[in-house]
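Hey, can you work out the whole structure from these sequences and the hints?
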Amino acid sequence: MSTVDERKKSKMEIEIAHLTKVYRGGVCALSALSLTIPTGMFGLLGPNGAGKTTLMRILAGILRPSSGDLHVGECDGTTWQGQKTIKQFLGYVPQDLGMYPDLKIDEFLNYIGILKGLSDRTMRQQRVEYLLEMVALSQFAKRSIRALSGGMKRRVGIAQALLNDPKLLIVDEPTAGLDPEERIRFRNLLSDLGNERTVLLSTHIVEDIAQTCPRLAVMKSGQIIFQGTTTDLVNIAKTRVWSVTSATRKPEGNVIIVSTINRGGMIDYRIIGTPASEAGATLVEPTLEDGYVWLMNSSQGDREAQPSHSKSV
Amino acid sequence: MSTQISMFWGTVTYEFRMQLHRRALWIVMVLLIGLIFYWQRESILALLFQLRGSRMHASLSPDEAIVSWADGINRLLPIAVGILLADRFPRDRQIKIDELLLTLPAGQSTRLLGKYVGSLCATLIPPTLYYCLGLGILLVQTHSLALLPTALLAFVCIFLPGMMFVGAFAIVCPMFLWWPIYCFCFTAYWFWGNLLSPRQNIPTISTTILTPLGGYMSQGFFGVPAYGPEIQATLLSGFASLSLLLGLTIMILLIGCGLLKWQRS
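These protein sequence lines map, in sequence, to chains E and X.
When you read off a place in the first sequence, starting at 1, and then add 1, the result is the number in my numbering.
When you read off a place in the second sequence, starting at 1, and then add 3, the result is the number in my numbering.
Be aware that a few hints might be false.
[Said to hold, decoys possible] Cβ pair distances, simulated, as ranges:
#1 Ala-142/E with Leu-34/X: 31 to 37 Å
#2 Gly-250/X with Glu-14/E: 30 to 36 Å
#3 Asn-196/E with Pro-183/X: 31 to 37 Å
#4 Glu-130/E with Ile-128/X: 29 to 35 Å
#5 Asp-166/E with Gln-7/X: 17 to 23 Å
#6 Ser-145/E with Arg-96/X: 58 to 64 Å
#7 Glu-130/E with Leu-34/X: 37 to 43 Å
#8 Ser-145/E with Gly-250/X: 51 to 57 Å
#9 Ser-145/E with Leu-38/X: 30 to 36 Å
#10 Asn-263/E with Leu-180/X: 40 to 46 Å
#11 Thr-261/E with His-24/X: 22 to 28 Å
#12 Leu-180/X with Thr-21/E: 54 to 60 Å
#13 Ile-208/X with Asn-49/E: 49 to 55 Å
#14 Thr-21/E with Arg-267/X: 14 to 20 Å
Since the hints were made in silico from the structure, they are not lab data.
We treat Cβ as the ideally placed atom computed from N, Cα and C, and that holds for glycine.
Following this line, the structure appears as structure tokens:
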């Protein structure tokens with residue numbers, strides 16, 4: 002019984018209800034947003050300007066919401082006291098992570114460790130060494146942060162976030178600007194971390210979510226327009242994704258062209274929607290990106306409305 | 004509480020280290036000290052090497068010489084201290100680490116105070132070494148350590164209060180003022196409010212107890228008239244000046260902490 006209770010206690014579910022954030026000047030970044038984020042990896046997808054970073058910053062205690070409710074575990078994230086408590090078990094990797102360029106990697110991590118409340122020097126040192134090992138930076142521990150590549154900086158970023166062994170890890174656009182190998186390495190690292198804690202991964206890169214998160218939410222204009230599993234989002238585009246090969250003209254009809262591959266004389270189009278003629282068009286299995294594109298387009302007006310013109314994305 | 008103290012000392016340590024490793028600190032200080040030495044070489048050499056019989060400091064005893072040495076350091080070097088500290092707070096925003104720092108359990112006030120203590124201590128290392136150089140020269144000449152208590156007292160009463168005052172404003176004011184503008188305004192204030200003689204017929208606060216030059220402490224505590232505008236100071240006005248400088252230092256730091264809380268709310 003006690004094991005069940007402990008497991009329940011260690012769960013870090015986030016409950017957001019009618020959360021609104023209006024900046025000075027009347028810009029509404031979040032509009033009555035409601036969302037439940039369970040323990041494990043959770044993806045937050047949306048175009049630039051959708052309000053993802055604002056939501057992340059509110060969750061991390063950087064911003065305060067204008068109205069609405071926010072509970073992280075048992076803490077009320079709309080109060081100072083609640084935010085203070087959340088910071089004790091929070092790990093945060095901002096979109097644009099800055100570091101003190103004059104410090105070495107281990108010095109920087111040690112400093113952040115102190116600011117996270119790890120006051121025991123020996124334990125802090127051990128934690129820093131463990132995390133450097135984990136993000137494969139042990140051999141660069143004495144290297145100046147000024148001399149690090151973008152990927153290495155991201156790894157230092159994740160290491161600093163894990164210093165206090167957080168129950169909640171918020172990662173904002175972690176793979177932006179990384180090369181494919183670094184991106185894969187980073188995704189694998191995040192997936193490993195999601196076993197024991199709530200990891201909220203915010204990105205506009207669909208592939209990152211597809212490879213790491215079983216559940217996700219899609220944001221647009223400060224609102225949640227989809228919440229569910231990745232399979233649910235893929236299924237939205239089921240029977241709507243076609244492959245069309247044409248020698249000359251673009252496919253006609255109410256379609257969105259998601260890819261164009263020129264093979265010399267012939268061009269392969271991948272389209273979402275209803276082609277004007279099904280002759281020459283083959284129905285194909287949708288991907289998460291197809292589901293996302295269909296969702297974003299259909300949410301422009303009525304959720305069920307079809308795109309009115311052939312267009313590229 | 005112990006965690007907050009640990010966070011404070013952590014900030015002090017790392018801010019000290021970062022400021023001390025800053026090349027600009029040493030370049031600016033060495034250049035300014037070199038310029039001061041070049042302009043005032045006669046009086047400096049007279050002060051340090053001709054304790055008796057010199058034209059300019061004929062009547063100075065070693066104790067008076069070390070007090071005058073502290074006065075001299077406080078004349079122009081605080082300008083460099085103020086300028087070198089002015090970018091410390093805006094730097095966190097410039098290098099984009101402020102967002103991360105806001106998500107940490109360490110309070111902003113703890114970090115502000117840690118930054119003040121750490122970076123001020125590091126910035127004061129070159130002027131302190133310069134002060135010690137003068138002290139060393141005087142000690143060698145006097146062949147006695149009897150000068151040390153006066154030297155320590157002069158350091159604590161003349162050198163430190165002014166520097167602490169300047170440092171507090173340099174850390175807090177750039178929170179709401181673009182730091183290059185602050186540097187310009189601060190330099191202008193220094194010449195107008197500290198070095199300008201009232202004889203110039205321009206209204207100035209250079210002879211008030213508000214001056215961080217340390218003239219009131221120099222004359223009030225040690226009976227040595229300081230460089231700069233002439234003032235008539237007593238022991239009481241020396242204490243008043245010292246208390247005012249330290250009080251204003253604490254006040255501006257508290258305002259800074261309050262301002263950070265207000266900005267967040």
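Structure-inconsistent hints, enumerated in ascending order: 2, 3, 6, 8, 10, 11 and 12
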